[in-house]
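Starting from the known structure of chain R, arrange chain S on it as the hints suggest.
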Amino acid sequence: MTDKQGNLPANWLERYSRNILLPGVGGRGQRRLLAARVAVVGLGGLGSPAALYLAASGVGTLDLIDSDAVELSNLQRQILHGTPDLGRPKTASAGEALARLNPGVHLNLHAERLDSGNAAELLGKADVILDGSDNFATRYLVNETAVRLGRPLVTASLFRFEGQAAVFLNAGGPEEPCYRCLFPVPPPAGALPSCQEAGILGSVAGLLGTIQATEALKLLLGIGEPLTGRVLGVDALSMEFTTLRVRRNPACPLHGAESSMLPPFHPSDST
Amino acid sequence: MPHNPPAASFLDITGDVCPMTYVKTKIALEDLAPGEVLAVLLRGTEPLRNVTQSCTLDGHTVLRQDSGEDGCTRILIRRGTDD
Numbered sequence: 001m002t003d004k005q006g007n008l009p010a011n012w013l014e015r016y017s018r019n020i021l022l023p024g025v026g027g028r029g030q031r032r033l034l035a036a037r038v039a040v041v042g043l044g045g046l047g048s049p050a051a052l053y054l055a056a057s058g059v060g061t062l063d064l065i066d067s068d069a070v071e072l073s074n075l076q077r078q079i080l081h082g083t084p085d086l087g088r089p090k091t092a093s094a095g096e097a098l099a100r101l102n103p104g105v106h107l108n109l110h111a112e113r114l115d116s117g118n119a120a121e122l123l124g125k126a127d128v129i130l131d132g133s134d135n136f137a138t139r140y141l142v143n144e145t146a147v148r149l150g151r152p153l154v155t156a157s158l159f160r161f162e163g164q165a166a167v168f169l170n171a172g173g174p175e176e177p178c179y180r181c182l183f184p185v186p187p188p189a190g191a192l193p194s195c196q197e198a199g200i201l202g203s204v205a206g207l208l209g210t211i212q213a214t215e216a217l218k219l220l221l222g223i224g225e226p227l228t229g230r231v232l233g234v235d236a237l238s239m240e241f242t243t244l245r246v247r248r249n250p251a252c253p254l255h256g257a258e259s260s261m262l263p264p265f266h267p268s269d270s271t
Numbered sequence: 001m002p003h004n005p006p007a008a009s010f011l012d013i014t015g016d017v018c019p020m021t022y023v024k025t026k027i028a029l030e031d032l033a034p035g036e037v038l039a040v041l042l043r044g045t046e047p048l049r050n051v052t053q054s055c056t057l058d059g060h061t062v063l064r065q066d067s068g069e070d071g072c073t074r075i076l077i078r079r080g081t082d083d
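In order, the protein sequences belong to chains R and S.
Numbering-wise, our numbering puts 52 at position 52 of the first sequence, and it's gapless, one number per residue.
Numbering-wise, our numbering puts 72 at position 72 of the second sequence, and it's gapless, one number per residue.
Just so you know, the hints here were simulated from the structure itself, not pulled from any lab data.
One should not assume that every hint holds.
Stated by the list, open to error - Just the calculated beta-carbon pair ranges, DEER-fashion:
(1) 62(S) to 121(R): 46 to 56 angstroms
(2) 247(R) to 46(S): 48 to 58 angstroms
(3) 7(R) to 81(S): 25 to 35 angstroms
(4) 21(R) to 14(S): 16 to 26 angstroms
(5) 23(R) to 33(S): 14 to 24 angstroms
(6) 14(S) to 198(R): 52 to 62 angstroms
(7) 83(R) to 66(S): 54 to 64 angstroms
(8) 27(S) to 100(R): 26 to 36 angstroms
To be verified - Chain S regions said to be covered by chain R (calculated; three or more residues, Cβ under 8 angstroms):
(9) 13–22
(10) 61–74
For glycine and all other residues, C-beta sits at the position ideal for the given N, C-alpha and C.
Pulled out of the complex, with its shape left as it was, chain R reads as follows (with noise of 0.2 angstroms):
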């Protein structure tokens, strides 16, 4: 977010300040986050509150990824888009909702599907890659992009009153797990209706966005325990919050020595 000289935003530190008092922040805690780069797959429920808070704390470029328009069931749970947004491209209501509340985050605005063609590009340039989308086709895809790019991948996923988040470093660790360990084959089509057709709470949408938000904060700031090894599940009927270990799974396609003939994944949902 510093311009060609270097220089910090005017007013940073009164607008940062909340961040700047924080224990592990600081001045120099900001200016990463102001140096930062996230890439933020899907711009509905997840990505929207997780988009909101992370340009709100500065971090100083978004990646912002979407192809679809917004539709009115949107509106529920997906808080960058607005009533007067509807049939316009995600991607343009949200670079205007989050350049009205931080004008000095650079966006980048990519209103095009991830595919396995532009993915590297598109998800390359970022420190921490945060996956809002619906479908396991391009969660397949995301994490298989972030794995081979060695990046930080935020993930989330939600059903009705629950919610999953975990954080896979993808830093070459030999017990790492990745997105794939915890779910090694898409469930058959069908098996599962699509976040456009289950219903979902829209508050716990936003829960979850916010803890993927967080974690991708925690990363670039390097503080607190990341949310790796281990899967978060919410239930927010009973408001319970559960985490269970995750582990390597050796057959998964992404690691070992198949790793680089890697089987092509065909996607069969493609909502």
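Okay, now just chain S, sitting in the frame of chain R:
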């Protein structure tokens, strides 16, 4: 009178209110090496309490406070090893 090392830097926050008083103090301390001393001029009892307490919580040491009749206080803070 105990000997205090000379201040490596000086900060005037008499025109600021909480929390910017400590935000500016924290940034100024970050620019010093551990063990170096920052002199801060502030106004009123509330900034004095907040800044000195926050410095202590963050691992710095308040070496000295000199209050003047104009309501301003000059404090000397030795930077700790942690931010």
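We went through each hint and held it up to the structure:
For residue 62(S) and residue 121(R), the hinted distance range of 46 to 56 angstroms is satisfied, since their beta carbons lie about 53 angstroms from each other. At roughly 52 angstroms, the beta carbons of residue 247(R) and residue 46(S) sit within the given window of 48 to 58 angstroms. At about 29 angstroms, the beta-carbon gap between residue 7(R) and residue 81(S) stays in the expected band of 25 to 35 angstroms. Between residue 21(R) and residue 14(S), the C-beta spacing of about 20 angstroms keeps the proposed range 16 to 26 angstroms intact.
In this structure the hint that residue 23(R) and residue 33(S) lie 14 to 24 angstroms apart at CB holds, the actual value being about 20 angstroms. At about 58 angstroms, the beta-carbon gap between residue 14(S) and residue 198(R) stays in the expected band of 52 to 62 angstroms. About 60 angstroms separates the C-beta atoms of residue 83(R) and residue 66(S), a value consistent with the hinted range of 54 to 64 angstroms. Against the hinted window of 26 to 36 angstroms, the Cβ-Cβ separation of residue 27(S) and residue 100(R) comes to about 27 angstroms, which satisfies the hint.
With 3 residues having a beta carbon nearer than 8 angstroms to a beta carbon of chain R, the stretch 13–22 of chain S meets the requirement of three or more and the stated coverage holds. Requiring three or more residues with a Cβ within less than 8 angstroms of a Cβ of chain R, the coverage given for the stretch 61–74 of chain S is violated, as only 0 such residues are present.
Going through the hint list in order, the structure does not satisfy hint 10, though it satisfies all others.
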